[in-house]
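*Asks:* Taken in order, these protein sequences are the chains called A and B. Start counting the first sequence at 202; every next residue gets the next number (the numbering used here). Start counting the second sequence at 27; every next residue gets the next number (the numbering used here).
Simulated from the structure, these hints should not be mistaken for lab results. Keep in mind it's a predicted model, so treat the numbers as computed, not measured. There could be a bad hint or two in this list.
Just so you have them, the derived chain A footprint on chain B, three or more residues with Cβ under 8 angstroms [what the hints assert, rightly or not]:
{"hint": "1", "segment": "105-117"}
{"hint": "2", "segment": "131-141"}
Have a look at the derived ranges for each label pair, beta carbon to beta carbon [as the list claims (entries may be wrong)]:
{"hint": "3", "chain 1": "A", "residue 1": "GLY447", "chain 2": "B", "residue 2": "LYS106", "range": "56 to 62 angstroms"}
{"hint": "4", "chain 1": "A", "residue 1": "ALA315", "chain 2": "B", "residue 2": "ASP140", "range": "22 to 28 angstroms"}
{"hint": "5", "chain 1": "B", "residue 1": "VAL40", "chain 2": "A", "residue 2": "PRO310", "range": "26 to 32 angstroms"}
{"hint": "6", "chain 1": "A", "residue 1": "PHE261", "chain 2": "B", "residue 2": "ASP160", "range": "46 to 52 angstroms"}
{"hint": "7", "chain 1": "B", "residue 1": "ARG49", "chain 2": "A", "residue 2": "PRO301", "range": "52 to 58 angstroms"}
{"hint": "8", "chain 1": "A", "residue 1": "THR327", "chain 2": "B", "residue 2": "VAL102", "range": "49 to 55 angstroms"}
{"hint": "9", "chain 1": "B", "residue 1": "ASP225", "chain 2": "A", "residue 2": "PRO310", "range": "31 to 37 angstroms"}
{"hint": "10", "chain 1": "B", "residue 1": "GLY53", "chain 2": "A", "residue 2": "PRO310", "range": "27 to 33 angstroms"}
{"hint": "11", "chain 1": "A", "residue 1": "ILE233", "chain 2": "B", "residue 2": "GLY164", "range": "45 to 51 angstroms"}
{"hint": "12", "chain 1": "B", "residue 1": "SER194", "chain 2": "A", "residue 2": "TRP408", "range": "31 to 37 angstroms"}
{"hint": "13", "chain 1": "A", "residue 1": "TRP408", "chain 2": "B", "residue 2": "ILE372", "range": "54 to 60 angstroms"}
{"hint": "14", "chain 1": "A", "residue 1": "PHE325", "chain 2": "B", "residue 2": "THR91", "range": "49 to 55 angstroms"}
{"hint": "15", "chain 1": "A", "residue 1": "PRO230", "chain 2": "B", "residue 2": "LEU200", "range": "55 to 61 angstroms"}
Think of the CB as a built atom: it goes at the ideal place given N, C-alpha and C, for glycine as much as any other residue.
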Amino acid sequence: MTGAASSTRSGWLLSLPALVLLALGAAGPLLIVVVYSFLEPGEYSGVVWNFTTEPWFRVFLERDIFDGTVSLADAHLTIFWRSVKLSLLTTLITFAVGFPTAWFIATRPPSSRAIWLFLITIPFWTNLLIRTFAISEIIRNQGLLNTALLKFGLIETPIQILYTDTAVLIGMVYVYLPLMVLPLFAAIDRFDFKLVEAGYDLYASRWKVLRRIVLPIVRPGIVAGSILVFVPSLGAYVTPRILGGGKNMMVGNFIELQFGQGRNWPLGAALSMLLLLIVLAALLAYVRVTSSERPQ
Amino acid sequence: MSPSAIEIVDAAKVYGYGASAARALGGVSLGIRTGEFFTLLGPSGCGKTTLLRLIAGFEMPTEGTIHIGGKDMTAVPPNKRPVNTVFQSYALFPHLTARENIAFGLQMLGRPRDEVASEVEKMIALVKLEEMADRRPGQLSGGQQQRVALARALAPAPQVLLLDEPLSALDLKLRKEMQLELKRLQTETGITFVFVTHDQEEALTMSDRIGVMSGGRLLQVGAPREIYNRPVDRFVADFIGETNFIPAEARGDLVRVAGVDLSLPGAGNGPVTLAARPEQVRIGSNGPLPATLTRTVYFGTDTHCHMTLSDGTEIVARLQSPPSGDIGLRDGQGVRIDFAPGALQILEGA
Ligand SMILES: Nc1ncnc2c1ncn2[C@@H]1O[C@H](COP(=O)(O)OP(=O)(O)O)[C@@H](O)[C@H]1O
Ligand SMILES: [Mg+2]
Chain A
202 MTGAASSTRS GWLLSLPALV LLALGAAGPL LIVVVYSFLE PGEYSGVVWN FTTEPWFRVF
262 LERDIFDGTV SLADAHLTIF WRSVKLSLLT TLITFAVGFP TAWFIATRPP SSRAIWLFLI
322 TIPFWTNLLI RTFAISEIIR NQGLLNTALL KFGLIETPIQ ILYTDTAVLI GMVYVYLPLM
382 VLPLFAAIDR FDFKLVEAGY DLYASRWKVL RRIVLPIVRP GIVAGSILVF VPSLGAYVTP
442 RILGGGKNMM VGNFIELQFG QGRNWPLGAA LSMLLLLIVL AALLAYVRVT SSERPQ
Chain B
27 MSPSAIEIVD AAKVYGYGAS AARALGGVSL GIRTGEFFTL LGPSGCGKTT LLRLIAGFEM
87 PTEGTIHIGG KDMTAVPPNK RPVNTVFQSY ALFPHLTARE NIAFGLQMLG RPRDEVASEV
147 EKMIALVKLE EMADRRPGQL SGGQQQRVAL ARALAPAPQV LLLDEPLSAL DLKLRKEMQL
207 ELKRLQTETG ITFVFVTHDQ EEALTMSDRI GVMSGGRLLQ VGAPREIYNR PVDRFVADFI
267 GETNFIPAEA RGDLVRVAGV DLSLPGAGNG PVTLAARPEQ VRIGSNGPLP ATLTRTVYFG
327 TDTHCHMTLS DGTEIVARLQ SPPSGDIGLR DGQGVRIDFA PGALQILEGA
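Work the whole structure out from these sequences, hints included.
*Replies:* Structural data, given as structure tokens:
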């Protein structure tokens, strides 16, 4: 009894540095952002310490400068919608590509499995910025892809990929694919392949085995991978900045704009909070899905 | 109704290729009759699971053919075979309740909803799982999981049920219970059972017929009594119960054992190995074969007497223990051995 109690106490002590770090690194800045989102913008930057809900108002609505009429802030909503759409697409595509990949790795003999996993993590070794520029080199009008397509006579004029949503999508899928593959691999690795045989034995087709047996059982891995891809996609900054150009902004870029040229820190803070709330909603959905129907 | 539920002709299975190729099954031919309880018996690694997987369709034979219900099924995938399996590890779907597990096969066959529901209830009653039907496998004991696995495999009413050492994970008491239960289910459903075990007692008590396997080959097929009393060779005799092996010289209708002629009609000529079950060896004062008692071991109901013949051959006799528990023989004492009529068997190829 005393042993258990004292080990709990020392457990707390051991986690103290992490708790302090979390408090200073996460809770502190978060609090600042919340506070800023209820203040007035300073003239050149920073904030003026007057309480107002104007930033939150401006996230969703805009007031005409001349006649004061209020309408939906279309520009903001468009950017949020594009971010959500691109992030969902990224999640879907990384799943479609990542699931077969993870399945392939999990069904290799243990000796070669480590090599495949290692290959999956190689992109992490290079700076994100450099990798993203490399992609832009490939897809730009005089880039590798277009040059090759032109040479083989498959196209007459270069396809404009760079500075489109497609470019952003390609970049994000590439960057976040490992985050999908790794949790999927972990889930499939634990999966008992005897269950597939049991499914076939009970007259299930390939598709039915996948849908009725494999997918429900590896679902925690699917959900984890989707969250790991969706959340950072939503806040992506570097990829849309380089591959999307100035026009195809995502939330991350728009927020940065408010703290930079826009000189509207409170609006930037409010936008950040909204982003955080969307992520939080996604996480809550994750917790519900994984805890309500856990196998066993 | 075809007389043969399964007809296997010259089935061979080689795993892997080239240098790493391993022959798990070497040319097995076997007919299993409709409605019988057939047991594949053999030591671990002899190819029982491989043979079962060929019947289920999880593996394709490297050579040979497999007919099920009169149709050639050698290349038919498992989901198109009228055969269901009870896996050794049960392989229950962990995300489904017992009831959903049992319904799975019928649903995949596209049976109407109400038919599935009523069949499933029948199965739940058959394996006595009424109380547990809405639990997941993780909330069931080993014996209960076993019943779910059985009900799941029986629900689609397959022509043949394959069972791969289904009782090996259970403790002795539950195991005995499930042996009776399995026998009852087989009789009630009339489905052909192909049962795999490495436990000879289990095989003897449950089966209509037994196929004894070793090293990827089928050594003998027969009814339990036949296998036990007329083993074809030393391996079968030794694997099914304990046996005395006695070197002898056959001459016409006689066999000479340690210098003593015993009558054995049709013994032939030349050196042979005789087999005799310990319970068919008798010890008395007027038996033909002299021996020395070296050791007695008390087993409760039985007492085992270890004896040595004049040529050094060891023979064990199993006697029923008397009420006093003392058979009245002392170590080192001279005794005379007799065999029950028909107890001496000549082994082929020994
Ligand atoms: N998938 C496989 N790959 C290679 N060898 C195998 C495979 N399955 C079984 N074997 C080998 O085939 C032989 C027979 O195995 P198995 O049929 O499982 O025997 P049993 O069920 O009687 O214990 C064994 O030597 C085993 O090592
Ligand atoms: Mg086996």
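*Asks:* Run every hint past the structure and note whether it holds.
*Replies:* Evaluation of the provided hints:
Restraint check on the segment 105-117 of chain B versus chain A: 8 residues with Cβ-Cβ distances below 8 angstroms, three needed, restraint holds. For the segment 131-141 of chain B, the stated coverage by chain A is satisfied: 3 residues place a CB nearer than 8 angstroms to a CB of that chain, which reaches the threshold of 3. One distance hint, 56 to 62 angstroms for the beta-carbon pair GLY447/A and LYS106/B, holds here, with the actual separation near 59 angstroms. Roughly 51 angstroms separates the CB atoms of ALA315/A and ASP140/B, a value that falls outside the hinted 22 to 28 angstroms.
Look at VAL40/B against PRO310/A: about 19 angstroms separates their beta carbons, and that is not inside 26 to 32 angstroms. Checked against the given bound of 46 to 52 angstroms, the beta carbons of PHE261/A and ASP160/B, roughly 47 angstroms apart, stay inside it. Separation of ARG49/B from PRO301/A is about 34 angstroms and departs from the stated range, judged on CB atoms against 52 to 58 angstroms. For THR327/A and VAL102/B, the hinted distance range of 49 to 55 angstroms is satisfied, since their beta carbons lie about 51 angstroms from each other.
Separated by about 32 angstroms at the C-beta atoms, ASP225/B and PRO310/A satisfy the suggested range of 31 to 37 angstroms. For GLY53/B and PRO310/A, the hinted distance range of 27 to 33 angstroms is satisfied, since their beta carbons lie about 30 angstroms from each other. Separation of ILE233/A from GLY164/B is about 46 angstroms and conforms to the stated range, judged on CB atoms against 45 to 51 angstroms. Checking the proposed 31 to 37 angstroms range against SER194/B and TRP408/A shows it holds: the Cβ atoms sit about 34 angstroms from each other.
A hinted range of 54 to 60 angstroms holds for the C-beta pair TRP408/A and ILE372/B, which are about 59 angstroms apart. For the pair PHE325/A and THR91/B, the supplied restraint of 49 to 55 angstroms holds, since their beta-carbon distance comes to about 53 angstroms. The hint said 55 to 61 angstroms for the Cβ distance between PRO230/A and LEU200/B, and at roughly 60 angstroms that hint holds.
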